[in-house]
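Same order as they appear, the protein sequences are chains A and B. Just so you know, we're using the numbering used here here: the first sequence kicks off at 1 and counts up by one. Just so you know, we're using the numbering used here here: the second sequence kicks off at 1 and counts up by one.
Note that these hints are calculated values from the structure, not bench results. Wrong hints could be hidden among the right ones.
Stated by the list, open to error - In silico DSSO-like links for lysine-lysine, alpha-carbon gap of 27 Å or less:
| hint | chain 1 | residue 1 | chain 2 | residue 2 |
| --- | --- | --- | --- | --- |
| 1 | B | 113 | B | 166 |
| 2 | A | 16 | B | 58 |
| 3 | B | 43 | B | 113 |
| 4 | B | 166 | A | 4 |
To be verified - Interface residues of chain A toward chain B, partial, derived using beta-carbon atoms under 10 Å:
| hint | residue |
| --- | --- |
| 5 | 107 |
| 6 | 171 |
| 7 | 172 |
| 8 | 173 |
| 9 | 174 |
| 10 | 179 |
| 11 | 182 |
| 12 | 183 |
| 13 | 184 |
| 14 | 187 |
| 15 | 188 |
| 16 | 189 |
| 17 | 192 |
| 18 | 197 |
| 19 | 201 |
Because the structure is a prediction, the values reported are computed rather than measured. Ideal Cβ placement from N, Cα and C applies to all residues, glycine included.
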Amino acid sequence: MKKKLFLFDLDSTITKKEILPEIAGQVQMSQQMKELTERAMRGEIPFLQSFSERVDLLKEIPVPTVRSIISQIPLNEELVEFIKENRENCYVVTGNLDVWICDLMESIGLKDHYYCSKGRTDETGEWLLGIDEIIDKGRTIRSFPHPFVAVGDGNNDAEMIGLADVGIGFGGVRPIATALLNNATHAVYTEEKLCQLLRQL
Amino acid sequence: MSASKTIVISCAGMGTRLGMGYPKALVDVAGKPLLVRQLELLKDYDDVRVVIGYQYEKVIEMVNAVRRDVTFVFNHEYKTTGTGASFLKGTAYGRDMVVALDGDLLVHPEDLKRVLESEEECIGGTTPTTDNPVLMSTEMTPEGLVVTEFSRDKGEYEWTGLAQVKTSRLGTTQGHVYYLLEPLLPLKMEKIRTKEIDTMEDYRNAVAWVRNGYRD
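Using the sequences and the hints given, assemble the complete structure.
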């Protein structure tokens, strides 16, 4: 049988915390970030708009600082272990920016195995100037050959979960969005259960 | 060993006969919902899957309140598919042996334990009590009592929804769970004590049964 591919959301799926709010917290911008994030999670503002606004908020922070903050965020280690063991078949699909998450992706064994939004920096790589391209998750997912498994938790993962042969909602970090559950084949609420299921597939 | 089994609890259906606004597996019997009673009996099993559809948020919420290490499997087409479809979704990617259990079955804990601890394929049967039972004809063999046929009009025992079978032997027949078991007959029968809850009178009887230590 053909080997299955595994696609993972990043925030609250691989990481134990939301990445952008975590960065904001380091620079005393938590409140504005919280409002934008919650409105996006509730589906009140489109993901694209909310994402641009949140990135704008964090432009003042040097890119290397952001990378270093991201590398400190605790991860779901058992899941990371699964990813490292199955590296060839695993991919991350996230709205986050390449210039921010590249170190993290390399550290979990997924260098060149992730799809994300693209940021533009100045020549020194020190400052983020803007977003070149926000990932169209749906289009990205449609380019993957079946069968594939997808794991996520938010509204913006619902499409990916619905297109997957096995679409898993993961509620180990925060509650799973209803739109995602409506598209899912499975839901699990602990990291241990998630990894058990992934190994059974 | 328990580790070699997948337990599939079907809770996707509407369970409207009792006139409640929520799935029947959530009905409170003597202080605890049916489904919670089952999960307590399954605490030593590490691959428990709850198949959900109708009002799935309520089922997830109730299960998570007592046990987080459960895998939920969706049957979004619960309105148009039978219990067989839910069961098959639950068994997908499961272990060699799979146990089928209806979320709204009130079963004597000792009887469920006996089935779970057995390594043999079997079907749970009970004395017919409901209005429109699925009946099972049985035969005594040197190995014990076996089920030979399912039928709407003849048989000594009533089908309960509880069965233990090898995953690899299951087909893909649509409809009820027992349609999936028919090609596997004869199968050993385990007598189990259960209470069906379809009417308010059934409900009161069930509560009294549990309160009285599962004795009539």
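Here is how each hint holds up against the structure:
For the hint linking residue 113 of chain B to residue 166 of chain B, the alpha-carbon distance of about 18 Å falls within 27 Å, and the restraint holds. For the hint pairing residue 16 of chain A with residue 58 of chain B, the CA-to-CA distance comes to about 25 Å; that is within 27 Å, so the pair holds. Distance hint between residue 43 of chain B and residue 113 of chain B is fulfilled; the C-alpha atoms sit about 11 Å from each other, no more than 27 Å. Between residue 166 of chain B and residue 4 of chain A the CA atoms are separated by roughly 24 Å; this keeps the pair inside 27 Å, and the hint holds.
Evaluation of the residue 107 of chain A hint against chain B yields a violated restraint, the C-beta minimum of about 28 Å exceeding 10 Å. With a cut of 10 Å, the hint placing residue 171 of chain A at the interface with chain B holds, because the nearest CB-to-CB distance is about 8 Å. At its closest, the beta carbon of residue 172 of chain A sits 9 Å from a beta carbon of chain B; the interface hint therefore holds under the 10 Å criterion. Because the smallest distance between the Cβ of residue 173 of chain A and any Cβ of chain B comes to about 13 Å, over 10 Å, the interface hint for this residue is violated.
Taking 10 Å as the C-beta contact cut-off toward chain B, the hint placing residue 174 of chain A at the interface is violated, the least distance being around 13 Å. The beta carbon of residue 179 of chain A is not positioned within 10 Å of any beta carbon in chain B (closest approach about 13 Å), and the interface hint is therefore violated. At about 7 Å, the closest approach between the beta carbon of residue 182 of chain A and any beta carbon in chain B falls short of 10 Å, and the interface hint on this residue holds. With its C-beta approaching chain B no nearer than about 8 Å, residue 183 of chain A sits inside the 10 Å limit, and its interface hint holds.
For residue 184 of chain A, the interface hint holds, the least distance from its beta-carbon to any beta-carbon of chain B being 6 Å, beneath 10 Å. About 4 Å separates the beta-carbon of residue 187 of chain A from the nearest beta-carbon of chain B, less than 10 Å, and the hint is met. Residue-level restraint check for residue 188 of chain A holds (minimum Cβ-Cβ distance to chain B is 6 Å; threshold 10 Å). With 10 Å as the threshold, the beta carbon of residue 189 of chain A comes within range of chain B, its nearest partner Cβ sitting at about 5 Å, so the hint holds.
The criterion of a C-beta within 10 Å of any C-beta in chain B is met by residue 192 of chain A, whose closest approach is roughly 7 Å, and the hint holds. The interface hint given for residue 197 of chain A is met, as the beta carbon of that residue sits about 6 Å from the closest beta carbon of chain B, less than 10 Å. Hint status for residue 201 of chain A relative to chain B: holds, with the closest Cβ pair at about 5 Å, below 10 Å.
Going down the numbered hints, you'll see the structure goes against 5, 8, 9 and 10, while the others check out.
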